[in-house]
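Participant: Heads up: the sequence lines are chains A and B, in that order. Taking the numbering used here, the leading residue of the first sequence gets 2, the next gets one more, and so forth. Taking the numbering used here, the leading residue of the second sequence gets 1149, the next gets one more, and so forth.
Among the hints, erroneous ones may be present.
[Stated by the list, open to error] Under 10 Å between C-beta atoms, here's a sample of chain A residues computed to sit facing chain B:
1. E18
2. K40
3. L43
4. S126
5. S130
6. T134
Since the hints were derived computationally from the structure, they do not count as laboratory data. Glycine is no exception: its CB is placed at the ideal position from the N, C-alpha and C atoms.
Here is how the chains run, residue by residue.
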Amino acid sequence: MINIKKTLFWQFLNLLEYELKEFLITLGNIGKDFARVIKSMLALKLDKGALVQQCSRFSIDSLPITLTIVAMTSIIIAMQIAPELAKQGAGNYVGSLSALVMVRELSAIMSGFAIISMIGSSYASEIASMAVTEQISAMKVLRVDPVEYLIVPRFLSGIIMMPFVVVISTFCGLVCAAVISNLTAEITYLNFITSMWHGLFIKDIFVALLKSSFFGGTIAIISCSCGYSTRGGALEVGTSTTRAVVWSFVAIAIWDYIFASIFYL
Amino acid sequence: MGIEVRNLTKEFNDKKVLNNISFKVEDGETLGVVGFSGSGKSTLLKIICGLLYPNSGEIITTPNNADIAMTFQYSALFDFLTVFENIAFPLIERKEFRNKYTQKELKEIVAQKLKIVGLQGIENKYPSELSGGMQKRVGFARAIVTNPKIILYDEPTAGLDPVSSTLIENYIVELKKELNASCLVVTHQLSTIKRATDKAIMLYEGEIVFKGSTQELLKGSNPYTQQFVTASIKGPMQIKSL
Chain A
2 MINIKKTLFW QFLNLLEYEL KEFLITLGNI GKDFARVIKS MLALKLDKGA LVQQCSRFSI
62 DSLPITLTIV AMTSIIIAMQ IAPELAKQGA GNYVGSLSAL VMVRELSAIM SGFAIISMIG
122 SSYASEIASM AVTEQISAMK VLRVDPVEYL IVPRFLSGII MMPFVVVIST FCGLVCAAVI
182 SNLTAEITYL NFITSMWHGL FIKDIFVALL KSSFFGGTIA IISCSCGYST RGGALEVGTS
242 TTRAVVWSFV AIAIWDYIFA SIFYL
Chain B
1149 MGIEVRNLTK EFNDKKVLNN ISFKVEDGET LGVVGFSGSG KSTLLKIICG LLYPNSGEII
1209 TTPNNADIAM TFQYSALFDF LTVFENIAFP LIERKEFRNK YTQKELKEIV AQKLKIVGLQ
1269 GIENKYPSEL SGGMQKRVGF ARAIVTNPKI ILYDEPTAGL DPVSSTLIEN YIVELKKELN
1329 ASCLVVTHQL STIKRATDKA IMLYEGEIVF KGSTQELLKG SNPYTQQFVT ASIKGPMQIK
1389 SL
């Protein structure tokens, strides 16, 4: 007689149950920590020094990698579309197309990916290390609220600084696109800039800034929460960091879809 | 009276880790808490300092809601802060002390606490630049910076050489005198029990199997303490993994 508990199907069900449980626990932790952060913010409990430090870290530390990724993406897109559009006699649209792609989508999402890998992962791993080495317990015993001290400044820095990062990376991306369009399809800078302004609306810029702010806050709260709920040792620090990165990627993809549906459908 | 624990019970997943634990520690007195690994000692400390909630029972401190300090087995110093910032941390970040002290006053307080633990002039070092013994002493200085009336020590001499252990034990005695605090010391080391505590309790499977003076623990006829002191495998206590 077949023992059902030894079958592959049963193991698959067990794995599914485990993953579902992990998913719900992570979601619960993020929700709980977000509620704590909001509660601290409403009580105006804010460490200004820590906020300035985290803002500087979120923006300055992440800029090199963010600019590199956005610039390279923009260069590749310009290389693909500029010669092709010029050949079809639509060279006048290269600027507007580049601006639309960069402002509406690419700049925010690529900056988000760069921030997750650079800042989100470091938030998760450093808070997780503090949790497993009892530093967070020590903070509680010293009667200092770890959420207020560690998570609130990081969350606020994400909300405040992400739009700045996106503005700078968009500017950098458009400059790169203009240069590449000029080199590969002989589209003049004036032509590119004129076309760019024809394609863009204030709404696009507003949505991009709002969306990037949501991205920044989401990356920060997910990364901090995954780190904060870590128990165990080095293995769990790694697992939490991976979880923070994966969840952040998925979360900003979902946000991107929601924003596109609300503002552009 | 410093601290009284009444009928404390704690369960994890239906397993009783602490069962009906009661004891008192007076001001200026040090209670040693001994027992095998997994007997519930650290859980007891975590409940007393508020990191865990008990299933039942109560903890009464005098004065009510007294400041409780704890030193951790691996020091738990904030590795991103200097020694000065670590020790001054509660005075800078804790709500009731925020903006109470000037930078000059903070420097004086930190220097004074470092002097008590024999570590002058290391304010600008980071925890990673210190030895294990020095980290523990910085942890002591951080714990006493708010002049607490209750101090909990979790394995204060674990992993240290015998001379460093003696040094730490001396500081436990000195800190108690300095602050007239009630202290609880969780330890496995007999030297720490002998030098640093006035009385002791012994836990086994979450229950108190001995309560008495340090002398009674070390020289008494209780079969549990005898087995512990003589480090014998034979006796009423069985380590399940053996």
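Participant: So, for every hint listed, does it hold in this structure?
Facilitator: Verification of the hints:
Hint status for E18 of chain A: violated, given a least beta-carbon distance of 18 Å to chain B, over 10 Å. Residue-level restraint check for K40 of chain A is violated (minimum Cβ-Cβ distance to chain B is 15 Å; threshold 10 Å). Residue-level restraint check for L43 of chain A is violated (minimum Cβ-Cβ distance to chain B is 16 Å; threshold 10 Å). Because the closest C-beta pair between S126 of chain A and chain B is about 13 Å apart, greater than 10 Å, the hint is violated.
Look at S130 of chain A: its Cβ gets to within about 8 Å of chain B, closer than 10 Å, so that hint holds up. At about 6 Å, the closest approach between the beta carbon of T134 of chain A and any beta carbon in chain B falls short of 10 Å, and the interface hint on this residue holds.
Hints 1, 2, 3, 4 from the earlier list are contradicted by this structure; the remaining hints agree with it.
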